[in-house]
Every structure is written in structure tokens, then in C-alpha cells.
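Asker: Residue numbers (the numbering used here), protein chains in the order written: chain A, 1303 to 1415; chain Y, 10 to 122.
Note that these hints are calculated values from the structure, not bench results. Check the hints yourself; a few may be wrong.
[To be verified] Label-pair distances were calculated between CB atoms; the ranges are:
hint, chain 1, residue 1, chain 2, residue 2, range
1, Y, Asn105, A, Pro1356, 29 to 37 Å
2, Y, Ser61, A, Pro1386, 35 to 43 Å
3, A, Gln1382, Y, Leu49, 29 to 37 Å
4, A, Thr1415, Y, Asp68, 39 to 47 Å
Every residue, glycine too, gets a C-beta built ideally from N, C-alpha and C.
Listed below are the residues making up each chain.
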Amino acid sequence: DARVTQTPRHKVTEMGQEVTMRCQPILGHNTVFWYRQTMMQGLELLAYFRNRAPLDDSGMPKDRFSAEMPDATLATLKIQPSEPRDSAVYFCASGLGSVDEQYFGPGTRLTVT
Amino acid sequence: GENVEQHPSTLSVQEGDSAVIKCTYSDSASNYFPWYKQELGKRPQLIIDIRSNVGEKKDQRIAVTLNKTAKHFSLHITETQPEDSAVYFCAALSYNQGGKLIFGQGTELSVKP
């Protein structure tokens, strides 16, 4: 049963620190999405990639967030510097071909104090 | 851009009853409508989806209906069980927003034994 994996599962950090979250998409999937989930905003798309190329990062605060896919098996989301308002669960999802079916990873619960 | 509204935000039913969650969307070009179930602390999981070329799809106790003219779609769960308790999210694929899934705000379903 292939699944998207994410590390770390939980991260507590102090304001101003750099945070890096990693995602391994399902093998063979070529589309990767980063979402942020909060009680207030629900599920927000931050960025997505197809064949490792960024297609849309309009949902991401550009001054502090960056997303990359160093290779087909790894996607990263970095926050530098982190702020308390970044506290949320960050989900990675992957899909094959079109953006239709997306499969979510377990998420990274980030707490910034 | 696409906007997806989901109702109700909370729903409580007795075990064995049916549950219906409704979503409306604004982008007439949207043609893919998935539903996700998210249990507490877990990842969203795709439970059923429908494409715009069909009006209804069923999978055991769950079904989804789509009315393209009225731009709304609904999730129907019959013979509800306590394990159906979760937050359910609808989504619509918006090509006008670069092929993104736009999510509703979620419905917290509680099935009382």
C-alpha cells in the first residue's frame, strides 16, 4: 500500500528559526502539492509541482517560504524565519499526471513559539 | 476565482440514519469533484469523487451527486456508523486557477451510537 511520507511528524521551534519539512511522494507520482491546514483557514494550497517544476506557488508567502523538489522522490518546504502564525499542520500530497486524484501524507504539525 | 461553499459545518445523526453534506461551486469550468474524509489527527483521505460527465456515483454506503446546471454536488452516507464520524471536505478542480483543487471549509459529522 504505497503512501506519501512526511518528516518530521511534529516540530516545535522558536520564532526566528528555520524549519524544513520533507515529503516523499508515492513512487511514480509526478505531481506534488503542499497544503497548510488551520482551524481558521481550512486547507490552503501553498504550492505545487509537476515533473519537479513549480507550477503555482501563489498561495505561499514568498518572503519566508520556499518550496523545492531536488529530485523526483523528495519535496521540501522551508520557512525562514518562522513566526508563531506559521503554526499549523502542513500536508504534502501527490498525484499522477493531471491534478485530479491527490493522496495526502500524514502531515507535519508545526508549532512556533 | 473558484469558491467552494460547504454546508452544514457540523452534522449530528443517530447511528443508522443517513447524512447529507452539500457543496456549491462558482466556476462553471470545474469538472472534478472529490470528497475527503479526515479523522482526528489523521490525513485527509479520498473517499469518492465524481467527474462532470456523470450525475451520480455510488460506492457501497456512500454516494455523490452532481448538478452541473445548479453548480452543486452532495455527499450521501447511508446507514451511518460511529466510524463515519470525521470531518468531510468537498473540493472542486478549478482550471481558471491553474488546475488547483479548491476545498470547502469542512463538515464535522458526528454519528451517535
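Asker: Would you mind marking each hint as holding or not holding in the structure?
Answerer: Cross-check of the supplied hints:
Distance hint check: the CB atoms of Asn105 (chain Y) and Pro1356 (chain A) are about 19 Å apart, inconsistent with the given range 29 to 37 Å. Look at Ser61 (chain Y) against Pro1386 (chain A): about 42 Å separates their beta carbons, and that is inside 35 to 43 Å. For Gln1382 (chain A) and Leu49 (chain Y), the Cβ-Cβ distance of about 31 Å falls inside the hinted range of 29 to 37 Å, so the restraint holds. For the pair Thr1415 (chain A) and Asp68 (chain Y), the supplied restraint of 39 to 47 Å holds, since their beta-carbon distance comes to about 43 Å.
Checked against the numbered hints given earlier, this structure breaks only hint 1.
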